[in-house]
Amino acid sequence: MDYTLKELMTICAAREIKNNDIVFCGTGISMLAAMAAKNINAPDSVIFFETGAIDSRLEDIPLAVADPRIMYHTSANGGLMEAFCTMQNPLSGTRIVGILGAAQIDLYGNLNSTVIGEYDAPDVRFSGSGGACDVASFVSRSIIFMKMEKRKFKKKLDYLTSPGFLDGPGGREKAGLPPGGPDKVITDMGVMGFDEHTRKMFLIGCFPGITPDQILDNMEFEIRTDRAVEIAVPTQTELTLLREKCDPHGLIL
Amino acid sequence: MDYTLKELMTICAAREIKNNDIVFCGTGISMLAAMAAKNINAPDSVIFFETGAIDSRLEDIPLAVADPRIMYHTSANGGLMEAFCTMQNPLSGTRIVGILGAAQIDLYGNLNSTVIGEYDAPDVRFSGSGGACDVASFVSRSIIFMKMEKRKFKKKLDYLTSPGFLDGPGGREKAGLPPGGPDKVITDMGVMGFDEHTRKMFLIGCFPGITPDQILDNMEFEIRTDRAVEIAVPTQTELTLLREKCDPHGLIL
Amino acid sequence: MKPEDNKVMRLQDAVEKYVTDGCHLSIGGFTLNRNPMAAVYEIIRQKIKDLHVYAHSNGQGVDELIGGGCVSRLEIAYGGTGKFMSTCIRFKKAVQEQTIIVEDYSNFQMTLRFLAGAMGIAFLPTRSSLGTDIINKWGFPKAFRKQHDRIPNQKLVVMDNPFDGWCDTKKVVLVPAITPDVTIIHVQMADFRGNCRIEGLTFADVEQAKAAKRLVITCEELLDDDYLKTDPDRNQIPFIHADAVVKVPFGAYPTACFKYYDYDATYMKAYARAAKNDDAYQQYLAAYIFDCPTHTHLLDKVGRRRVESILADRNRGYAKHLDRK
Amino acid sequence: MKPEDNKVMRLQDAVEKYVTDGCHLSIGGFTLNRNPMAAVYEIIRQKIKDLHVYAHSNGQGVDELIGGGCVSRLEIAYGGTGKFMSTCIRFKKAVQEQTIIVEDYSNFQMTLRFLAGAMGIAFLPTRSSLGTDIINKWGFPKAFRKQHDRIPNQKLVVMDNPFDGWCDTKKVVLVPAITPDVTIIHVQMADFRGNCRIEGLTFADVEQAKAAKRLVITCEELLDDDYLKTDPDRNQIPFIHADAVVKVPFGAYPTACFKYYDYDATYMKAYARAAKNDDAYQQYLAAYIFDCPTHTHLLDKVGRRRVESILADRNRGYAKHLDRK
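Residue numbers (the working numbering), protein chains in the order written: chain L, 1 to 253; chain D, 254 to 506; chain X, 507 to 831; chain B, 832 to 1156.
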């Protein structure tokens, strides 16, 4: 079957979303993954934006979380306060799955989306947290999109923008954060999870044609690969729904 | 001219309201005073309710601050949060004049609207603060309606619900409150103010036929009366507007 | 339809399921407006006991719950309904006779406490009440608080501003979050999922709704489709917070429901009269609550003429020509 | 008409009066939506310098203010506009070249900071960012903060929960209030007094508006009567907060304005292209800002066809068939 890497990644993420999950969406592929889940495997998941829209119809794919397309046919149009309170409130927050991206990730799933280099004199400046730190702080699990590159899978982040498991087991608790943390990392070579005891990243599976060693070669730190299996490729149904229902004009794909 | 004591008191309070004041209203005579001001001497004053309505048209007199009559033709219908934030915010709060009533008042204009007797085993229980403590804490000045009785003008309050000048000059500042405090006390025998240096209550004026001594006879504490003058009686215009425009069915008067 | 869509139920069932003896309850509305009265009457009818009630100024509903013998503890800012009861009568009596324990806050503080619950934060700060007995006198003493793990260890905390005079502020009062077991609100419109539209002032209903572990919604109009989603700017509570949706026309009666009906001044005056006398109050309870299996029966007892007299003028949202003398 | 009713003015005058060199400014909107772009362009045109800007994710407007050389200091959560600029380009360049100083917060924290300003409270608490570098690394060092009395003494404060584990919370982060000298927002409708109606999401505009010492409102439709008061449930900002009201059709262009027009993808892509190159950016500034005495001139330059292509489908609120490739 013919599919692009982006399609495969999107569908891998979509499969992680369960019916009745509330899905926090960022821009781009994360939004597409949420739309894919809703159209493919989790029709009763609820798409939710930090800008204050909940259960948007999304007839057309938005290009930002403030795109007017997300304001159409929602359950309620609020603002940032309502959205972040819904995340921080454990009654609703624990039902939310966040989808995030970042510039760097470490062994415990902490993310950097702020700077490369010194904070005061950065080599590269990125957008900054936006709502990412809030989502990562509050919600019970998150799915992270990353490109496999040594400079992205870092032993030590240049800046810790969004908390994963911080320094490992009990790290979030010690810092005062609610439970939660990263659940999956979807890369362009495979999918990682986090060990429930050590909180360390491990390889869940490789994409077709990719070996665990190739993945390790693109990381600065080591992860366990002994549990790795091959990831199931997208089905024809998945691909059709993704292409026709979610992004017919190829704005993200 | 014929007028009732209630009409006189209402008009005395109304005269304290200036054009462009934002007027916080409680129930009953305080609401009527605000309506009177708007209809008589301060047409551009803005009536404002703790329940979240601002600049209500008030075609008909409300019987509570949650009366549906206050929701009609307002600038914005919010909720308690919006209303109290408007009071606490010094940018808007300092433009608000509060109109309050209470069960007891002391020399410094502190109010009790909670209990008579011990707090844990009260002889008489009243409604409690509601928004009164908030208003008295935040706004720059307030007008207080009181009945002249020894058990109401108390040396020591049974419970300090709403802050006046607390223990005198600098009292609010010491406690951490914003500036502000009571401005006038409108009673059924005369009107009191507060000395700007001592923060103590003093007699501004008696109603026609009332002497300063009669007022002192109805108070547990002493106040200065040497500045007292006679209060101007309501004019025919004031009375007509009050009766015909504000409370034509005599629901409060 | 997904499982969590199945929220429509009968009032009896919703109260039975979510309002249990000893639970922590908050109700929406303010004094004589949009109190979830049908639910309040059903709670009394089911003889639920020992409730811990959180209220800002939820007048009529709170007074009837106390009068009905359902309440043990009350955290409140204001017990009154405006002109009809400047102090709620059964509330006053219960406090004076010490059959309930009360903790006093201001309206802003209670609102902040609900907001804190809704926000998922342990407390919120305000400058209100500094220097007053709201800070000094506690209805729930420390020892009592220690015994009850559903009650915070302190009524409130006065704290220095750590930002050193920022905003000309030296001190603030921190008030603890409330997370009721159940909040009941009455709204103008809800859909089968539990999306809510409130018309007119929202009071603190939205905060109370989002703070609660369970949310029971009674509504004038129940929509079985996505109509409310066609104008989401007017909706305040998304369905993800809702647990039960019950259609109860006149569900706020005898309190008002903006755009639908006014308060019933006649009922409220009769209530206040009855509330002053224990025997008369027992007769009131029997006639209007226990003898009425449902809210419809109560409305029938009141009679069509009275109910029609309070119907709102749709433009103004209240009954312009209602006799309120 | 009372004195404070006289709020309607020209954009040039409003900017000249309220946006001064070195002042603390916040603008409404979010990334590519409802940024007050006409006002932003006027600020650049008037060559206002040394602004201290507060933003959560106010993408396009903030990037253009920086690109226009108006900004010295920036407190921000997110510098991007979504797909068109995943990181704002002039912002990125300015930070990397250290021509502006930046302090980083999260979106929730910035929202809470505006809310604190609007509430008149010195700080608000959250659980967000515990354990992260948002807490550890400060863009404005302590000594710098000491020198500037308009900046709080601390970026944020981590504090133990004084309510002893209440809400399963051990620690919170306190973030300080923001009270900008001026906030500028663009709304769908405002009246001559300054009552505002925002359609669609409000972002943090209401908090930003109420936190500011001065509020400048630009609007698509300016009502010279009380029309907005006939449906006050839809209004978010009462006139008591407003200082200037300016009618500017397409005042958010090239960002979107729900129910009125979509973002202009063509403009935003061209902007991003120009922003990557200093020379091209100077040409952009000259052509679209300095050579256009008013926003109308900019719209004329873009041309009627492009403007018509983004007009919103009134049902959906955006331009359904817009080519966004």
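Rather than coming from a laboratory, the hints here were simulated on the basis of the structure.
Fair warning: there could be bad hints in the mix.
EDC-like cross-link-like pairs, simulated, lysine to aspartate or glutamate; straight-line CA separation at most 20 Å [unchecked claim]:
| hint | chain 1 | residue 1 | chain 2 | residue 2 |
| --- | --- | --- | --- | --- |
| 1 | X | K643 | D | D411 |
| 2 | D | K427 | X | D666 |
| 3 | B | K973 | L | D167 |
| 4 | X | K826 | B | D1062 |
| 5 | L | K174 | B | D991 |
| 6 | X | K775 | X | D737 |
| 7 | B | K977 | X | D670 |
| 8 | D | K405 | D | D470 |
| 9 | B | K1078 | B | E847 |
| 10 | X | K826 | D | E371 |
| 11 | B | K1151 | L | E244 |
| 12 | B | K1156 | L | E244 |
| 13 | L | K174 | L | E149 |
| 14 | D | K427 | D | E449 |
| 15 | B | K1001 | B | D991 |
| 16 | X | K677 | D | D500 |
| 17 | X | K831 | D | E449 |
| 18 | D | K408 | D | D470 |
| 19 | X | K599 | D | E312 |
| 20 | B | K1151 | X | D556 |
| 21 | B | K924 | L | D120 |
| 22 | L | K156 | L | D120 |
| 23 | X | K643 | D | D470 |
| 24 | L | K155 | L | D167 |
| 25 | X | K648 | D | D470 |
| 26 | B | K1151 | L | E149 |
| 27 | X | K599 | D | D411 |
| 28 | B | K1100 | B | D1131 |
| 29 | B | K1002 | B | D991 |
| 30 | X | K599 | D | D373 |
| 31 | B | K1156 | L | D195 |
| 32 | B | K924 | L | D123 |
Computed footprint of chain B on chain D; a stretch qualifies when at least three of its residues, placed anywhere within it, have a C-beta under 8 Å from a C-beta of chain B [as the list claims (entries may be wrong)]:
| hint | stretch |
| --- | --- |
| 33 | 317–330 |
| 34 | 343–355 |
Part of the chain B face toward chain X, derived, beta carbon under 10 Å [as the list claims (entries may be wrong)]:
| hint | residue |
| --- | --- |
| 35 | G951 |
| 36 | F954 |
| 37 | L955 |
| 38 | P956 |
| 39 | W997 |
| 40 | A1008 |
Built from N, CA and C at the ideal position, the CB exists for glycine as well.
Verification of the supplied hints:
{"no.": "1", "hint": "X:K643 x D:D411", "result": "11 Å, holds"}
{"no.": "2", "hint": "D:K427 x X:D666", "result": "12 Å, holds"}
{"no.": "3", "hint": "B:K973 x L:D167", "result": "27 Å, violated"}
{"no.": "4", "hint": "X:K826 x B:D1062", "result": "18 Å, holds"}
{"no.": "5", "hint": "L:K174 x B:D991", "result": "12 Å, holds"}
{"no.": "6", "hint": "X:K775 x X:D737", "result": "39 Å, violated"}
{"no.": "7", "hint": "B:K977 x X:D670", "result": "11 Å, holds"}
{"no.": "8", "hint": "D:K405 x D:D470", "result": "12 Å, holds"}
{"no.": "9", "hint": "B:K1078 x B:E847", "result": "16 Å, holds"}
{"no.": "10", "hint": "X:K826 x D:E371", "result": "44 Å, violated"}
{"no.": "11", "hint": "B:K1151 x L:E244", "result": "16 Å, holds"}
{"no.": "12", "hint": "B:K1156 x L:E244", "result": "16 Å, holds"}
{"no.": "13", "hint": "L:K174 x L:E149", "result": "31 Å, violated"}
{"no.": "14", "hint": "D:K427 x D:E449", "result": "17 Å, holds"}
{"no.": "15", "hint": "B:K1001 x B:D991", "result": "6 Å, holds"}
{"no.": "16", "hint": "X:K677 x D:D500", "result": "43 Å, violated"}
{"no.": "17", "hint": "X:K831 x D:E449", "result": "42 Å, violated"}
{"no.": "18", "hint": "D:K408 x D:D470", "result": "14 Å, holds"}
{"no.": "19", "hint": "X:K599 x D:E312", "result": "36 Å, violated"}
{"no.": "20", "hint": "B:K1151 x X:D556", "result": "56 Å, violated"}
{"no.": "21", "hint": "B:K924 x L:D120", "result": "14 Å, holds"}
{"no.": "22", "hint": "L:K156 x L:D120", "result": "17 Å, holds"}
{"no.": "23", "hint": "X:K643 x D:D470", "result": "31 Å, violated"}
{"no.": "24", "hint": "L:K155 x L:D167", "result": "12 Å, holds"}
{"no.": "25", "hint": "X:K648 x D:D470", "result": "42 Å, violated"}
{"no.": "26", "hint": "B:K1151 x L:E149", "result": "38 Å, violated"}
{"no.": "27", "hint": "X:K599 x D:D411", "result": "19 Å, holds"}
{"no.": "28", "hint": "B:K1100 x B:D1131", "result": "19 Å, holds"}
{"no.": "29", "hint": "B:K1002 x B:D991", "result": "4 Å, holds"}
{"no.": "30", "hint": "X:K599 x D:D373", "result": "14 Å, holds"}
{"no.": "31", "hint": "B:K1156 x L:D195", "result": "41 Å, violated"}
{"no.": "32", "hint": "B:K924 x L:D123", "result": "10 Å, holds"}
{"no.": "33", "hint": "317–330", "result": "holds (count 6)"}
{"no.": "34", "hint": "343–355", "result": "holds (count 5)"}
{"no.": "35", "hint": "G951", "result": "7 Å, holds"}
{"no.": "36", "hint": "F954", "result": "6 Å, holds"}
{"no.": "37", "hint": "L955", "result": "7 Å, holds"}
{"no.": "38", "hint": "P956", "result": "5 Å, holds"}
{"no.": "39", "hint": "W997", "result": "5 Å, holds"}
{"no.": "40", "hint": "A1008", "result": "5 Å, holds"}
The structure fails to meet hints 3, 6, 10, 13, 16, 17, 19, 20, 23, 25, 26 and 31 from the earlier list, while all remaining hints are met.
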